[in-house]
Amino acid sequence: MPTLTYSQAINDALAEEMRRDENVILYGQDVAVWGGIFKVTAGLLEKFGPERVFDTPISESVMVGAGVGAASMGLRPVVELQFADFVITAGDEIFFKAGMWRYMHGGAHTIPLVVRAPSGGSGFGPEHSACPEAFIMHAPGLLCAVPSTPADAKGLLKQAIRLDNPVIYFEHKLLYQMRGEVPDGEALTPFGQAVVRREGEAVTIVAWQDMLRRALAAAERLSQEGIEVEIIDPRTLNPFDRATIIESVKKTGACIVVEEAYRTLGVGAEIGALLLEEALPYLDKPFKRLAIPDVPIPTSQHLVDAIVPSVDDIYRAVKELAD
Amino acid sequence: MNQEQLVRIYKNSVLARRFEARIVELAMAGELPPSLHVGAGQEVAQIAAIEALRPADYILYGHRGVAYMIARGVSLADMLADMAGKEGATSRGKGGVMHVVDVQKGILGESGTLGGSFVVSVGVGMALKRKQPDTVVTYFFGDGTANRGPFHEALNWAAVQKLPCVYFCENNGFAISMPTSRSTAVENIADRAAGYNVPGVVVDGSDPVAVYEVMEQAVARARAGHGPTLIEAKVTRLQGHYVADQQEYRTDRNVVAEKDPLPKLQHTLCDRGMLTQAEVDGIQADADRQVEAAVAAMRAAPLLAPEVALQDVYA
Ligand SMILES: Cc1ncc(C[n+]2csc(CCOP(=O)(O)OP(=O)(O)O)c2C)c(N)n1
Ligand SMILES: [Mg+2]
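In the order they appear, the protein sequences are chains L and S. Converting from the first sequence to this note's numbering requires adding 46 to each position, the first position being numbered 1. Converting from the second sequence to this note's numbering requires adding 154 to each position, the first position being numbered 1.
So here's chain L without its partners, still in its complex pose:
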């Protein structure tokens, strides 16, 4: 199996899907000539030409809204927002047009749209650093992918492009250079299937993207002390694989969600509610969330580190539960 970076895996997924289906088009700010501000789309203009790979004005509303219109008329647009935070900038187009255009018109339209949204830690401050998955998960009509490995970055993006529903695909900025094995060719990652990244009996940890990386690092340390945690990577948040989490909690009796997002009504809150509704008898310990304490994300790195869950935070939370 070849080893690729997360960023190359995304680029490969785009190239393969564009080669497979001429209806796939790719556009966004600086994506064509320059290859994107994170260089994820480098080389695609040369491969597919300016009718299929093109730069846009700084107009997030029309970038996303045009994606809805084009998708409804038979294209399969992939739109790159420069920062995931801008799903709010294009709020009408993401939540109402992409999410509801089909429903509002009684199913007359099909919207095979993918919006690529680079999320997470950046050092660019409150409006360029968020992981706004919970907003998307809350909204009817939008699918939500959160790939954590190069293999899933490729497999989920290829699958997203082929789905007939709008997908908000969060690619984490701190993972772009992560290396990992990526199967060649047709390896699609199904939506709605979580994966157990590490097996254990002590506690179930649900985490994805950079928080998954931190959870895995904490798990190594805990393992040296004889504490084995189970780590679940949901891979997509809508559809959301509830069963895998519940099955794991039946075994461990405890659950911690680690998320790089605001605590109140975040994804962790939803998972907590799910466990209350469907797994209360199996919970031996209080459910726990590690999340950003409801403040915007600052710019200075030491201030970011003060609020985003760290390996230490995860380690300590598990120890508290395990004691």
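No lab work stands behind these hints: they were computed from the structure. Please read all numbers here as calculations on a predicted model, not as lab measurements.
Taking lysine to aspartate or glutamate pairs in the EDC-like style, the calculated list, with each CA pair at most 20 angstroms apart, reads:
1) S:316 / L:101
2) S:285 / L:210
3) L:297 / L:366
4) S:316 / L:97
5) S:285 / L:97
With chain L held as given, fit chain S with the ligands onto it using these hints.
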């Protein structure tokens, strides 16, 4: 425009006027929800503009009435079903009378947030350019709607890409109670076309021939790959913003009926010998028959099943 076309515009305008009047009656009686924004006074311009399109062309529209759909031959009974939440509803109870859709007839739908269709129209234009050359999309919107941000983003990018889009503003001088003069810095919405390097044309929306000719040019330009045109039809909203609007804010409400374009069109047709009085009477009677048949069909149709609320979220 030939004689047959002008007569068709008249017929469809009569049908739209009578259909909407009947909807208001049914709404006042409590049989339908009061959700229609009556288009009376603007339907002649709307229908004349659509007359300049080919059957394969598409439209996105605003909330002001149902004449667009009538010009495209959407079933009246289905539109009543949209209002009543009954079987036959084009949007299956999800969108009501403001989101009538019939893709086969080129009716793509409406954005509930005003101006949302500006940005959708750009994507439709991008798809048409690549997949259905020689086909155009026209978006109909109000003067108030022109003050939303998507207007700017869409016109700019549509112009840059030279998309086959036509933007048709119906300036009726009001956005609910707010006169355009108090909300809008330019004299004419079409003046903004200069900011996008596209033609901007003002036309008298009570004159169907003039509207048709302006649209014909805009559509030809779009088909030829030269990009969008911003048309502004000056029209009159004969009635309130919504069904029960008393229009206290309006100083012209006692004289507004004089600006009704429909009697004017009827006189023109009769004066020029294109229609006899008997034919006019026939057209009106026929419109009423169609409306009553649609009302009967709507009344006979069953309500949509409650589980329909759960459907159509995902493909
Ligand atoms: C984004 C948004 N803001 C406000 C409304 C509420 N609203 C519906 S119609 C209307 C007035 C629209 O005026 P105009 O565009 O001139 O159209 P007209 O009603 O005059 O035909 C308003 C404010 C809305 N639907 N969407
Ligand atoms: Mg108006």
